[in-house]
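Engineer: Let chain S serve as the given structure and place chain E on it in line with the hints.
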Amino acid sequence: MSDVEILQQLRSADPHRALMRLYDHLPKVDRMVRRNSGTRADAKDLFQDALIILLGKVKEEGFTLTCSISTYLFAICRNKWQEELRRRGRFTQELAAAPDEPADLAGLLAEEGRFGLAERALRSLGDKCLELLKRFYVTREPLLQIAKAIGLAGEGAAKTRKYKCLEEARKRYRELLTKDPVHQPMHP
Amino acid sequence: MRHELELMELVDRYLRNELNADERMAFTERLHHNTELRQLVEDQRALHAGMERLVLRNAVDKAYRSHRFGKWMPGIGGAVLIVLLATGSLLMTSPEHEQSNVAPAKVSADTSNVITNAVSRNVRTDTLQQTRDTIVRTEVRVVRRPIVVYETTSISEKEPDLGIVTLRDARSEELPSYPGGFSAMHAFLQRNIRYPDTVLSRTEAVTIEFLVDVDGSIQEVQVTKGIGKLFDREALRVVGLMPKWIPAKENGRPVKARIEVPIRFTAVSVEQEVPGSIPPTAQ
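From first to last, the protein sequence lines stand for chains S and E. So for the first sequence, our numbering puts the first residue at 1; every next one is plus one. So for the second sequence, our numbering puts the first residue at 189; every next one is plus one.
Isolated chain S (complex conformation) (with noise of 0.2 Å):
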């Protein structure tokens, strides 16, 4: 399968069989990670995110890619792992970037770091709400429909659900975000 048309898979409504392809490229990282102190499920998770954050960046409009889809994946995990080791208070030389390495990483990898501290904390909700948030934002049901399904009494009982479902997630989200040395809060 070339790049081009894994791309196309991972747009489309079943990335499956794309993704799985993709972790052909796990041994480098796993590598990577596994030299610089880092154990095999560090390298699994470091890898998964990246293919989130692939997942993620191939759906929006007008986004392209510099280079192979390996080598920006390589690149999210070692950005990704360097900026760990220095959360955990390791000395590290610089983990080596591949010459096509793209340059941008930076921001989008702060931005995605949220939004990684975000998922956690709604992890941390109970499965009502979680079921509640993910209807409403993912498969964006209307509220009515949702309240049938998870068996509240109306469209108002889940509009106000809904509102102390996110409020308890954001406010999870804001302490993971002031204990995190790396993400500090956003002064916007």
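Treat the hints as calculated values from the structure; they're not laboratory data. Please note that a few of the clues may not be correct.
Below, a list of computed lysine-lysine pairs in the DSBU-like style, where the Cα atoms sit at most 35 Å apart [claimed, not checked]:
#1 E:250 to S:57
#2 S:59 to E:259
#3 S:179 to E:250
#4 S:59 to E:250
#5 S:159 to E:250
#6 S:44 to E:413
#7 E:250 to S:28
#8 S:134 to E:259
#9 E:250 to S:148
#10 E:432 to S:128
#11 S:148 to S:164
#12 S:134 to E:250
#13 S:44 to E:259
#14 S:28 to E:259
Reference excerpt, derived from the structure (chain S facing chain E, CB under 8 Å, subset only) [claimed, not checked]:
#15 16
#16 23
#17 138
From the three backbone atoms N, C-alpha and C, an ideal C-beta is built for every residue, glycine too.
Structural biologist: Chain E only, in chain S's frame:
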């Protein structure tokens, strides 16, 4: 609270591009002067994105499992298939053939090797290499105690107790099965296994064997390959918690069956246990 609720609704609509031109202009104007509102918009935007990521993560995880599956399947899958076929053909040999000499004639050296693997605990090794008669007896034992081997492998190196996935979905009507299938069993183990308060230096599996009776109840649970008291005990405990299985069937009739389930414990390195290291997938 009403006010905050309305404000959040407004931000949601702004982020989802649902405001009309006038509303939008008024909102951007407010945004310009109001730091708190800007912060709210930023946070809510991050939470929208976080929600998307949560869903994408499921897809990415699923692909990871398929990827692993594809890697192992050609090797182990083939072996498991042979074992299952061998067991299956033995299941069809009815007990009447016990003393007959027809069956052994068909048994090739290769097949008997496979059988040996499947029933090694029932037969002493030294007798296996011997005469045909021995092989006949071996078979008869198998007919009485069919053994189904579910091959499993670790899917996650991160969470020690998460790691079991099927390599061969034993959906055949003949085999005993966990209600809801293998994925349900996987989920059950995942939920209930508590990683003992000690650490393994490498990933190992406790093999548990038990009998699924005609009513689906689990009996004669025993460890056939242990890796240490704490792990063995935990594996036994969890298998003991399992609900009734769906019994094996022979010609549509429920029969007793003995099966083997390896429960894999993944090695954890000390580094992974350091609190504060990023676990992006941590619950």
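Engineer: Now, for every hint given, state plainly whether the structure supports it.
Structural biologist: Now the hints, each set against the structure:
| no. | hint | verdict |
| --- | --- | --- |
| 1 | E:250 to S:57 | holds, 19 Å |
| 2 | S:59 to E:259 | holds, 29 Å |
| 3 | S:179 to E:250 | holds, 31 Å |
| 4 | S:59 to E:250 | holds, 20 Å |
| 5 | S:159 to E:250 | holds, 32 Å |
| 6 | S:44 to E:413 | holds, 30 Å |
| 7 | E:250 to S:28 | holds, 21 Å |
| 8 | S:134 to E:259 | holds, 32 Å |
| 9 | E:250 to S:148 | holds, 29 Å |
| 10 | E:432 to S:128 | holds, 29 Å |
| 11 | S:148 to S:164 | holds, 18 Å |
| 12 | S:134 to E:250 | holds, 18 Å |
| 13 | S:44 to E:259 | holds, 16 Å |
| 14 | S:28 to E:259 | holds, 17 Å |
| 15 | 16 | holds, 6 Å |
| 16 | 23 | holds, 4 Å |
| 17 | 138 | holds, 5 Å |
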